[in-house]
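Colleague: Okay, here's what each chain looks like letter by letter:
Protein chains: 2
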Amino acid sequence: MTDTRKTAVEYARQHQSEFLDELKAIVSIPSVSSDAEHKPDMQTTADWVAAKLRALGIEKVQVMPTDGHPVVYGEWLGAPGKTTVLIYGHYDVQPVDPLELWKTGPFEPTVRGENLYARGTSDMKGQVMASLHAIEAIVKTSRLPVNVKFMIEGEEEIGSPSLAKWMAAHKDLLKADFCLNPDSGMIGAQYPTITYGLRGLAYFELRVYGPDHDLHSGVFGGVVQNPAIALAELIAGMHDADGRISLPGFYDSVRPLTAEEHENFLRLPTTAEFYKQQTGAPELHGEAGFLPVEQASARPTLDVNGMISGFTGQGQKTVLPAFAMAKISCRLVPDQDPEAVYQQMLAYLQARAPKTIRWELTKFSGAPASISELDLPGVRALAKALETIWDAPVLYKREGGSIPVVGEMQTILGIQSVLTGFGLPDDNLHAPNEKIHLPTWTKGTEALIHFFFNL
Amino acid sequence: MTDTRKTAVEYARQHQSEFLDELKAIVSIPSVSSDAEHKPDMQTTADWVAAKLRALGIEKVQVMPTDGHPVVYGEWLGAPGKTTVLIYGHYDVQPVDPLELWKTGPFEPTVRGENLYARGTSDMKGQVMASLHAIEAIVKTSRLPVNVKFMIEGEEEIGSPSLAKWMAAHKDLLKADFCLNPDSGMIGAQYPTITYGLRGLAYFELRVYGPDHDLHSGVFGGVVQNPAIALAELIAGMHDADGRISLPGFYDSVRPLTAEEHENFLRLPTTAEFYKQQTGAPELHGEAGFLPVEQASARPTLDVNGMISGFTGQGQKTVLPAFAMAKISCRLVPDQDPEAVYQQMLAYLQARAPKTIRWELTKFSGAPASISELDLPGVRALAKALETIWDAPVLYKREGGSIPVVGEMQTILGIQSVLTGFGLPDDNLHAPNEKIHLPTWTKGTEALIHFFFNL
Numbered sequence: 048m049t050d051t052r053k054t055a056v057e058y059a060r061q062h063q064s065e066f067l068d069e070l071k072a073i074v075s076i077p078s079v080s081s082d083a084e085h086k087p088d089m090q091t092t093a094d095w096v097a098a099k100l101r102a103l104g105i106e107k108v109q110v111m112p113t114d115g116h117p118v119v120y121g122e123w124l125g126a127p128g129k130t131t132v133l134i135y136g137h138y139d140v141q142p143v144d145p146l147e148l149w150k151t152g153p154f155e156p157t158v159r160g161e162n163l164y165a166r167g168t169s170d171m172k173g174q175v176m177a178s179l180h181a182i183e184a185i186v187k188t189s190r191l192p193v194n195v196k197f198m199i200e201g202e203e204e205i206g207s208p209s210l211a212k213w214m215a216a217h218k219d220l221l222k223a224d225f226c227l228n229p230d231s232g233m234i235g236a237q238y239p240t241i242t243y244g245l246r247g248l249a250y251f252e253l254r255v256y257g258p259d260h261d262l263h264s265g266v267f268g269g270v271v272q273n274p275a276i277a278l279a280e281l282i283a284g285m286h287d288a289d290g291r292i293s294l295p296g297f298y299d300s301v302r303p304l305t306a307e308e309h310e311n312f313l314r315l316p317t318t319a320e321f322y323k324q325q326t327g328a329p330e331l332h333g334e335a336g337f338l339p340v341e342q343a344s345a346r347p348t349l350d351v352n353g354m355i356s357g358f359t360g361q362g363q364k365t366v367l368p369a370f371a372m373a374k375i376s377c378r379l380v381p382d383q384d385p386e387a388v389y390q391q392m393l394a395y396l397q398a399r400a401p402k403t404i405r406w407e408l409t410k411f412s413g414a415p416a417s418i419s420e421l422d423l424p425g426v427r428a429l430a431k432a433l434e435t436i437w438d439a440p441v442l443y444k445r446e447g448g449s450i451p452v453v454g455e456m457q458t459i460l461g462i463q464s465v466l467t468g469f470g471l472p473d474d475n476l477h478a479p480n481e482k483i484h485l486p487t488w489t490k491g492t493e494a495l496i497h498f499f500f501n502l
Numbered sequence: 048m049t050d051t052r053k054t055a056v057e058y059a060r061q062h063q064s065e066f067l068d069e070l071k072a073i074v075s076i077p078s079v080s081s082d083a084e085h086k087p088d089m090q091t092t093a094d095w096v097a098a099k100l101r102a103l104g105i106e107k108v109q110v111m112p113t114d115g116h117p118v119v120y121g122e123w124l125g126a127p128g129k130t131t132v133l134i135y136g137h138y139d140v141q142p143v144d145p146l147e148l149w150k151t152g153p154f155e156p157t158v159r160g161e162n163l164y165a166r167g168t169s170d171m172k173g174q175v176m177a178s179l180h181a182i183e184a185i186v187k188t189s190r191l192p193v194n195v196k197f198m199i200e201g202e203e204e205i206g207s208p209s210l211a212k213w214m215a216a217h218k219d220l221l222k223a224d225f226c227l228n229p230d231s232g233m234i235g236a237q238y239p240t241i242t243y244g245l246r247g248l249a250y251f252e253l254r255v256y257g258p259d260h261d262l263h264s265g266v267f268g269g270v271v272q273n274p275a276i277a278l279a280e281l282i283a284g285m286h287d288a289d290g291r292i293s294l295p296g297f298y299d300s301v302r303p304l305t306a307e308e309h310e311n312f313l314r315l316p317t318t319a320e321f322y323k324q325q326t327g328a329p330e331l332h333g334e335a336g337f338l339p340v341e342q343a344s345a346r347p348t349l350d351v352n353g354m355i356s357g358f359t360g361q362g363q364k365t366v367l368p369a370f371a372m373a374k375i376s377c378r379l380v381p382d383q384d385p386e387a388v389y390q391q392m393l394a395y396l397q398a399r400a401p402k403t404i405r406w407e408l409t410k411f412s413g414a415p416a417s418i419s420e421l422d423l424p425g426v427r428a429l430a431k432a433l434e435t436i437w438d439a440p441v442l443y444k445r446e447g448g449s450i451p452v453v454g455e456m457q458t459i460l461g462i463q464s465v466l467t468g469f470g471l472p473d474d475n476l477h478a479p480n481e482k483i484h485l486p487t488w489t490k491g492t493e494a495l496i497h498f499f500f501n502l
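Note that the protein sequences, when read in sequence, are chains A and B. First residue of the first sequence? That's 48 in our numbering, and the numbers climb one at a time after it. First residue of the second sequence? That's 48 in our numbering, and the numbers climb one at a time after it.
I should point out that these hints are in silico values taken from the structure, not numbers from a laboratory. Please note: incorrect hints may appear among the correct ones.
Each computed PhoX-like pair below joins lysine-lysine, with the alpha-carbon atoms no more than 20 Å apart [claimed, not checked]:
1. 490(B) / 187(B)
2. 129(A) / 212(A)
3. 323(B) / 402(A)
4. 218(B) / 323(A)
5. 364(B) / 410(A)
6. 212(B) / 129(B)
7. 107(A) / 218(A)
8. 212(A) / 222(A)
9. 212(B) / 410(B)
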């Protein structure tokens with residue numbers, strides 16, 4: 048270990064207590080982006096982050112307005128000719144309800160055992176602070192070996208509605224070689240993890256209309272198509288017997304998994320048994336010919352997220368409903384285009400929907416999948432850093448969920464993202480009693496110190 | 048016309064306004080039998096009916112307890128040696144949701160045009176009142192030519208769960224020559240109608256369970272069966288491409304239509320065009336090889352009455368639901384057995400449901416179909432009465448709905464029912480904006496006056 052690297056890691060170890068106090072300070076601010084009542088808290092949190100950046104010697108720090116909550120920007124470009132890393136984060140958090148299930152207040156950070164409990168500890172103020180503490184350890188002991196820029200937004204938990212427009216308006220400011228995005232997580236405390244792919248999303252609402260009003264199922268049953276049955280038949284036709292999706296052309300642009308990826312997936316601890324335990328499903332079910340972890344993260348899906356028709360209260364009502372609705376969404380993989388999937392859904396419905404009903408399809412949102420090359424210099428630097436600290440081989444995974452900003456950065460800024468993070472699967476993200484595992488968090492900070500030196 | 052008959056009809060004409068006020072009074076009471084909150088309203092309505100019977104000089108009037116909502120009983124046996132008619136009715140009504148689709152409150156009776164709008168106007172407080180007003184017109188002007196008994200129940204809309212036991216316990220009290228049951232309806236305002244057959248009912252709730260809690264559709268989508276999709280696939284498999292029901296053995300005991308019945312059905316004005324107009328469906332749809340009126344009244348059906356799963360609010364939520372439910376009911380024809388149909392549904396589910404879900408089937412209610420002879424004295428008296436008032440030949444039809452009490456009276460009391468009623472197909476039974484066509488209702492009262500004199 049070089050001296051600079053060593054002294055930086057030592058600084059981090061000596062300041063663990065101060066780092067924890069800082070994390071407690073930022074998670075004490077209730078920056079719930081979805082709740083208009085918390086608008087002042089959003090500004091307070093953005094100002095807190097900006098002040099911390101300034102204290103680290105970061106330049107041009109600004110809390111920049113967007114159409115929604117502000118973005119905190121800053122940069123340090125004192126290493127000309129070297130790599131520029133754009134560090135992404137979000138300072139907003141999920142709502143806290145149901146409040147009564149929290150053992151201690153969501154904004155009263157409390158250490159119990161090896162964990163710190165509070166909303167935002169894991170998702171993702173803790174990850175933002177790990178990045179800032181790594182930089183602090185370096186700048187207080189030597190000098191950053193690379194250029195850094197910061198884009199810390201306040202709307203991730205509501206789908207980043209203002210960010211794409213804001214990024215498009217600040218393309219030059221955000222110019223970088225790649226993005227470090229620590230908003231992903233680890234498979235387990237002993238498994239250092241890099242996420243190199245995320246799925247995209249295409250979300251629809253399908254509305255089926257039969258008779259023009261609810262009918263008595265005795266008086267009219269048998270002579271008109273039942274919209275709930277028509278909807279069920281349409282949904283049933285969307286998969287074949289092998290669990291493959293039947294929309295015409297759906298798989299045409301799906302990028303096949305490489306043999307190397309399949310080998311990597313075989314090494315992951317996310318086995319069939321893991322998925323059975325996590326879901327409680329009686330048996331797993333998915334597209335034939337793929338590992339469960341591939342089905343859940345690297346292959347496209349079609350799910351019904353909600354469905355309603357007719358009488359759903361207690362007991363019985365002999366109604367033949369006029370209307371049925373389903374929310375249907377597809378998780379997408381490279382190189383599927385959400386708009387093309389919408390067209391495929393339309394084509395399927397045009398071909399399959401009977402003349403005995405009317406139907407409407409609404410497109411709610413669409414985001415493409417994203418994937419990074421595994422031999423990106425940023426990925427290699429991070430992998431080496433994680434292996435140094437954990438003394439274990441890095442696992443490469445793809446994630447089944449969507450982080451729209453990753454795809455948008457690729458499209459708007461033309462840069463790939465290196466995804467990591469030091470949260471664990473049992474951190475209760477988006478749920479009561481969110482926590483972060485402090486030993487893992489501390490190791491994360493140290494790994495990020497190595498990461499900057501490895502670049 | 049004899050003098051007594053004439054003066055009774057004149058009384059009815061002179062009291063149209065009072066009769067309408069009485070109908071408004073009874074439909075103002077929200078006697079929704081399926082909702083425990085309305086239990087006090089059930090008693091209020093029963094008491095209201097009992098008071099009306101007493102005011103007509105009916106004797107032994109009692110609001111008699113059952114295992115569920117009470118039955119109103121009364122009798123007038125002042126015509127020894129003459130026919131005894133058991134008049135059936137129900138004072139309970141269907142639920143009112145979706146409430147927002149009512150133009151005026153469901154329990155705020157409102158006249159618009161020739162119709163009175165409120166829950167229960169047509170099904171069947173209006174029919175009960177037509178019977179009582181016919182009797183009032185006779186007893187206020189002369190004397191009833193026959194004996195009458197009343198059995199007005201409060202659980203028809205929930206499948207009359209307590210009535211069979213109650214009837215079995217009061218067989219002597221209910222002894223009669225036949226039952227007048229005005230809970231059927233007319234084909235059109237110009238078509239006096241007698242109903243000789245009714246469909247039965249088998250009503251189920253199918254609950255499908257997948258994962259043991261709602262999952263994030265990104266993190267777990269692709270690896271577990273979606274319960275809403277599993278339910279859709281099960282529902283889709285319940286019909287074949289010809290609109291026939293796929294439950295094993297479902298048609299084995301279905302009594303074929305006779306050639307004579309088919310000829311009668313061909314004469315009915317309930318053509319395909321009629322069903323299109325009544326339902327507003329884009330196209331009709333039903334079992335191949337049958338007339339629409341046969342599909343809707345004389346052939347068995349399977350309908351989804353309600354269906355729910357996951358997120359059904361505005362916008363999107365990327366949930367993979369843990370649960371899905373459908374209310375599924377079959378209309379039955381002679382000689383199908385509701386219990387056998389339940390077993391067929393179980394057999395279907397056992398054969399078709401995948402191991403990736405758990406399922407539960409609940410049987411809510413079952414009633415066999417019924418069919419009557421056309422040359423009963425009560426049928427002849429009613430046919431003559433209807434022809435007198437409408438000056439048109441009576442049509443004989445089968446009805447698609449179910450009136451379980453008709454089959455039970457046949458089994459328990461050994462009497463057949465004469466089915467009629469003065470509701471019209473567009474009365475919005477079981478739906479928002481239920482109404483009764485007042486001119487037809489008035490003619491119905493007059494026809495029932497003739498009916499009693501014709502016996």
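Colleague: Of the numbered hints stated previously, which ones are contradicted by the structure, given in increasing order?
Modeller: Hints 2, 4, 6 contradicted; others consistent.
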